[in-house]
Amino acid sequence: MEPPALTVDNLVVDFGSGESAVHAVRGISFALAPREVLGIVGESGSGKSVTALAAMGLLPKSAEVSGSISYEGRQVLGLKEKAWATIRGVGIAMIFQDPMTSLNPVYTVGWQIVEAIRAHQNISKGEAMAKAVALLETVGIPNAAERVGNYPHEFSGGMRQRVVIAIAMANDPKVILADEPTTALDVTVQAQVLSALRTALDETQASLLLITHDLGVIAGLADRVLVMYAGRPVEVGTVEQIFYQPAMPYTHGLLGSLPRLDSQGGERLRQIPGSPPSLAGSGGGCPFAPRCPLKADICETEEPQLRPVAAGVVGQRPTVGDEAQPPSPTTTDVEHLAACHFADAVVDLPIASMFPDTSADHEGVAP
Amino acid sequence: MTDTSDLTPRQQRRQLVGTTEAGMHSLPSVPPGANSDQDGMAGEARGQLATVARRFVHNPQAVFGLGVFAAMAIAAILTGLFWTYSVTAITNTLNAPPSLSHPFGTNSIGGDMLAQVMRGTLQDIEIALLVAVMATVLGTLVGAIAGFYGGRVDSAMMRLVDLILVIPTLVVLIVLANIVAKQANNWFWLAIIIGALSWTYIARLVRADFLSLRERDFVEASRALGATDRRLITRHLLPNALGPIIVNATITVALSITLESTLSFLGLGIQPPNVSLGLLIDQGQDSATTEWWLFVFPVVFLIMLILSIFFIGDGLREALDPKKNRVRA
Chain A
1 MEPPALTVDN LVVDFGSGES AVHAVRGISF ALAPREVLGI VGESGSGKSV TALAAMGLLP
61 KSAEVSGSIS YEGRQVLGLK EKAWATIRGV GIAMIFQDPM TSLNPVYTVG WQIVEAIRAH
121 QNISKGEAMA KAVALLETVG IPNAAERVGN YPHEFSGGMR QRVVIAIAMA NDPKVILADE
181 PTTALDVTVQ AQVLSALRTA LDETQASLLL ITHDLGVIAG LADRVLVMYA GRPVEVGTVE
241 QIFYQPAMPY THGLLGSLPR LDSQGGERLR QIPGSPPSLA GSGGGCPFAP RCPLKADICE
301 TEEPQLRPVA AGVVGQRPTV GDEAQPPSPT TTDVEHLAAC HFADAVVDLP IASMFPDTSA
361 DHEGVAP
Chain B
1 MTDTSDLTPR QQRRQLVGTT EAGMHSLPSV PPGANSDQDG MAGEARGQLA TVARRFVHNP
61 QAVFGLGVFA AMAIAAILTG LFWTYSVTAI TNTLNAPPSL SHPFGTNSIG GDMLAQVMRG
121 TLQDIEIALL VAVMATVLGT LVGAIAGFYG GRVDSAMMRL VDLILVIPTL VVLIVLANIV
181 AKQANNWFWL AIIIGALSWT YIARLVRADF LSLRERDFVE ASRALGATDR RLITRHLLPN
241 ALGPIIVNAT ITVALSITLE STLSFLGLGI QPPNVSLGLL IDQGQDSATT EWWLFVFPVV
301 FLIMLILSIF FIGDGLREAL DPKKNRVRA
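If you read the sequences in order, they're chains A and B. Using the working numbering, you'd call the opening residue of the first sequence number 1 and step up by one each time. Using the working numbering, you'd call the opening residue of the second sequence number 1 and step up by one each time.
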């Protein structure tokens with residue numbers, strides 16, 4: 001097995017200190033293998049983006065970071081700006097959420113790609129421009145040779161995001177961080193952008209850290225999934241494990257809140273009641289406990305750690321609807337971890353069944 | 001994980017997922033050329049500087065401003081070199097209205113007004129350009145650093161700016177101008193003093209712009225590509241702030257001409273025999289109703305000068321804004 005491209009070990013990020021401290025990330029560890037796509041899912045404020053920014057050295061100075069992040073075996077946390085400049089773009093590239101604002105409005109897209117190339121490669125402007133055209137063609141911009149002379153505002157949102165992807169892959173990075181790359185786009189355009197992203201991965205042979213709250217995007221692109229809740233990973237596993245054998249009630253809830261094309265109709269989406277906890281406090285116990293239908297006394301007092309889930313044989317469990325044959329038993333070299341006291345029990349429950357089927361139809365008017 | 005064991009399950013899953021999610025992952029084919037622009041305004045991968053120049057040239061107002069400005073400057077230089085009468089020449093015709101031999105008339109001591117107005121125009125252009133360049137460079141530098149770094153750097157620099165702003169400009173000018181007023185080439189020092197006092201507005205403007213610009217995603221995106229602070233400031237933030245900077249530079253030009261006139265009026269500005277438009281206006285205003293040519297010609301030239309600079313500034317701002325990209329050829 002090759003050494004991982006990016007390793008994050010027990011990363012903790014706090015903003016502020018003392019009573020008012022916000023614990024944005026409370027200990028996350030993962031290793032991103034070469035060419036692997038790791039999806040990080042979680043709702044707003046669960047620490048996804050902060051993790052990515054930390055891996056890029058882009059956190060504001062007010063952030064207090066501890067733990068370790070190493071890129072190709074080299075510790076990058078706490079590097080000086082100058083040393084960072086040799087990693088950013090070449091080793092680790094980032095794709096930002098909003099293509100409307102992540103391109104400089106006063107330069108043509110060609111200029112911006114050329115700038116990215118020439119920042120790290122010693123080639124002439126002409127060669128760089130030729131490469132820029134090739135990159136735009138790779139990500140599926142029609143008429144690339146002409147479009148390099150256009151300004152960002154002359155592109156649509158999806159095209160701009162493809163330009164951003166082209167810039168990210170310009171220097172053949174080993175790792176690409178994509179922070180909600182499709183969130184700002186509409187669904188039809190999302191598919192095109194994901195396709196461009198996949199092309200970029202194939203071309204550069206890069207690993208991808210895909211941050212999103214869109215489980216559909218994860219299903220389409222990721223190899224492994226890391227589910228975050230309240231600044232901590234609560235479940236890690238392959239896409240099959242997460243989607244077919246979720247072992248954490250929160251993951252169940254996420255899956256249950258998705259509309260399904262194969263549902264019979266008439267079913268309502270199940271929601272997770274309540275809202276995510278404040279990140280300021282640091283009370284003991286499972287952060288999901290207040291919203292969890294399986295809550296027991298132990299959940300209030302002891303925060304569960306990530307631990308391996310007893311491997312069930314896929315296919316024995318009942319699945320929702322008449323699911324097609326689930327995939328064969330998962331590869332054994334990827335561990336399925338979950339942070340739940342009852343992970344082994346949860347894994348055998350039908351997806352989302354533990355959450356009440358709340359809807360306006362069922363709710364009476366409050367007396 | 002080896003290559004094959006890494007790729008194969010992913011591909012398998014793609015097929016699996018692709019079928020359950022209604023072909024979400026197929027890329028709709030776009031015919032080449034479908035997105036080519038209709039108005040033919042873009043597409044050529046030409047230099048951005050050439051694009052800016054082209055847009056400037058296609059703006060009638062800007063071309064007009066540049067033309068008037070250039071004509072005035074050239075006329076002023078040529079008059080100084082070739083006109084029959086020099087600025088200091090004194091003739092026997094006193095207070096004569098415009099005629100063929102004195103197109104702008106003469107003043108009360110027999111000086112030729114055409115020579116004087118032209119010399120004043122040239123003098124004002126010199127002062128205004130020096131002030132504008134100095135104030136813009138200094139103000140932009142201070143504002144950019146303060147806005148980009150924020151925090152203590154920002155506080156320190158802005159307090160300095162506040163300090164300069166609360167000092168009554170005229171008092172400082174009077175004190176300092178009094179020192180340099182007696183020197184032969186005093187217009188240069190006058191311009192330096194005005195420039196040293198008028199950069200604060202541009203500094204505040206640029207700082208405010210940088211404060212908002214530095215939070216924009218493209219700054220972080222450039223940083224994520226390995227851009228250094230210096231590169232971010234000069235290549236990414238500054239071009240985005242150019243519009244307001246240029247507009248303010250043209251206003252500074254107008255302000256500096258006004259300030260120079262004020263000083264000249266107080267006897268502390270340009271010293272005779274050198275002239276400036278401000279000095280001429282001040283000398284001519286008493287007789288504006290009787291010997292109108294002493295007043296009207298310098299005023300008209302001053303207004304033309306300031307307006308042409310405004311037009312140039314406006315044209316530049318529009319030419320530099322890529323969103324104003326509609327070229328009507």
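In case anyone wonders, no lab produced these hints; they're calculated from the structure. Note that this is a predicted model, so its numbers are computed, not measured. By construction, the Cβ of each residue, glycine as well, lies at the ideal position given by its N, Cα and C atoms. Fair warning: there could be bad hints in the mix.
As the list claims (entries may be wrong) - Not the full set, but computed from the structure, chain B residues with beta-carbon under 7 Å of chain A: (1) 71; (2) 75; (3) 80; (4) 81; (5) 84; (6) 85; (7) 212; (8) 214; (9) 217; (10) 226; (11) 228; (12) 230; (13) 322.
Unchecked claim - Here are the simulated DSSO-like pairs of lysine-lysine, each with C-alpha atoms no more than 27 Å apart in a straight line: (14) 323/B x 82/A; (15) 82/A x 174/A; (16) 323/B x 125/A; (17) 61/A x 80/A.
### Query
Of the numbered hints stated previously, which ones are contradicted by the structure, given in increasing order?
1, 2, 3, 4, 5, 6, 7, 8, 12, 14
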